[in-house]
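Undergrad: Residue numbers (my numbering), protein chains in the order written: chain D, 28 to 131; chain F, 79 to 210.
In case anyone wonders, no lab produced these hints; they're calculated from the structure. Heads up, the beta-carbon is just placed ideally off N, CA and C, and yes, glycines get one too. Check each hint, because a few of them may be wrong.
[What the hints assert, rightly or not] Here are a few chain D residues that sit away from chain F, every Cβ distance over 10 Å (derived from the structure): (1) Ile33; (2) Leu39; (3) Asp40; (4) Glu42; (5) Leu49; (6) Lys74; (7) Asp76; (8) Gly108; (9) Thr111; (10) Ile115.
[Claimed, not checked] One-sided and incomplete, this derived list gives chain F residues near chain D with beta-carbon spacing under 10 Å: (11) Phe96; (12) Arg105; (13) Ser109; (14) Thr118; (15) Ser137; (16) Asp150; (17) Gly153; (18) Ile173; (19) Ala176; (20) Gly177.
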Amino acid sequence: MPKTTIGKSLFLDGELSGIDGLVIEGKINGRIEVGGAISVEKGSVVKADIKANNVKISGEVKGNITSTGNVHYMEDCSVTGDTTTSRILIEDGATIKGSVHIDI
Amino acid sequence: MNKKVQQNITTLHKDISFNGKLIGDERIIISGQMEGNLQTSQDLTIEKSGIVKADIKSSNLVLSGILVGNIDSKGVVTITKSGRMIGDIKSENIIINAGAQYKGTILTKASSKLNSPNKESPRKNSRLKTKR
Numbered sequence: 028m029p030k031t032t033i034g035k036s037l038f039l040d041g042e043l044s045g046i047d048g049l050v051i052e053g054k055i056n057g058r059i060e061v062g063g064a065i066s067v068e069k070g071s072v073v074k075a076d077i078k079a080n081n082v083k084i085s086g087e088v089k090g091n092i093t094s095t096g097n098v099h100y101m102e103d104c105s106v107t108g109d110t111t112t113s114r115i116l117i118e119d120g121a122t123i124k125g126s127v128h129i130d131i
Numbered sequence: 079m080n081k082k083v084q085q086n087i088t089t090l091h092k093d094i095s096f097n098g099k100l101i102g103d104e105r106i107i108i109s110g111q112m113e114g115n116l117q118t119s120q121d122l123t124i125e126k127s128g129i130v131k132a133d134i135k136s137s138n139l140v141l142s143g144i145l146v147g148n149i150d151s152k153g154v155v156t157i158t159k160s161g162r163m164i165g166d167i168k169s170e171n172i173i174i175n176a177g178a179q180y181k182g183t184i185l186t187k188a189s190s191k192l193n194s195p196n197k198e199s200p201r202k203n204s205r206l207k208t209k210r
């Protein structure tokens, strides 16, 4: 099944939840909870707490990130908030403000 | 104008549920569940598995799923045979196919013209009565 993509022109304000993965290109305020992987693409602005399995951030995120899998902060990403995960990868050039908890 | 806008399509798949406000300038397809407020300048499709409780503003709209809420459309509103809806529709062109379930008020551009003189006349009469 293809992933749900929140397009570039979209603005969501509220709670978004799902079982599968999610790709975000637009703007989101609120709360996100998915069972699959989440990918925040370049140019997107997310002001929300994120709960997901694998997390990949290339855009801007303000909020806490809780992951049950890997967290991957790409270069040029901007994250303000706490990260809780079991595995993390931070690329050269990523901007991060917040605490990181790595629970095994 | 529409040609300049990139033909992006956002699909909220079956397993996705959303609660809140959604505003956009692209084609939206909903197969999952949604509650709140939905606005797009492009077309909107609610698939058979889609359940929407929202007030909607859009261009053309095709409803094959369930909708509870009002529609304000600038294009054609189509309720297919599997569509079920409760709420008001404001649109110039409305198609309700055989088999569809619908409960609500329909307001087309022509019907709003018909209604307006009727609404004004009782007010004038009441004013005359008070003068007497």
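Undergrad: Does the no-contact call for Gly108 (chain D) survive, Cβ to all of chain F over 10 Å?
TA: holds, 20 Å
Undergrad: With a cut-off of 10 Å, does the beta carbon of Gly153 (chain F) approach a beta carbon of chain D closely enough for the hint to hold?
TA: Since chain D brings no Cβ nearer than about 18 Å to Gly153 (chain F), farther than 10 Å, the hint is violated.
Undergrad: Test the statement that Lys74 (chain D) is away from the interface with chain F: the closest C-beta pair must be farther apart than 10 Å.
TA: holds, 13 Å
Undergrad: Hey, does the Asp150 (chain F) contact hint survive, CB to chain D under 10 Å?
TA: Violated - the Cβ of Asp150 (chain F) stays beyond 10 Å from chain D, reaching only about 18 Å at its closest.
Undergrad: Over 10 Å to the closest beta carbon of chain F is the bar; see if Ile115 (chain D) clears it.
TA: Given a closest Cβ separation of 26 Å, the condition holds.
Undergrad: Hey, does Leu49 (chain D) actually stay past 10 Å from chain F on C-beta?
TA: violated, 8 Å
Undergrad: Hold the hint about Ile173 (chain F) up to the distance rule: shortest CB distance to chain D must be less than 10 Å.
TA: violated, 27 Å
Undergrad: Is the hint on Ser109 (chain F) kept, meaning its closest Cβ partner in chain D is under 10 Å away?
TA: Where the cut-off is 10 Å and the nearest Cβ of chain D is about 9 Å from Ser109 (chain F), the hint holds.
Undergrad: Does Thr111 (chain D) sit more than 10 Å from chain F, CB to CB?
TA: Holds, because the least Cβ-Cβ distance between Thr111 (chain D) and chain F comes to about 23 Å, which exceeds 10 Å.
Undergrad: In terms of Cβ atoms, is chain F entirely out of 10 Å range of Ile33 (chain D)?
TA: violated, 6 Å
Undergrad: Classify the hint on Ala176 (chain F) as holds or violated, based on whether any CB of chain D lies nearer than 10 Å to its CB.
TA: violated, 31 Å
Undergrad: Evaluate the condition: distance from the CB of Asp76 (chain D) to the nearest CB of chain F exceeds 10 Å.
TA: holds, 14 Å
Consistency with the previously given hints fails for numbers 1, 2, 3, 4, 5, 15, 16, 17, 18, 19, 20, ordered from lowest to highest.
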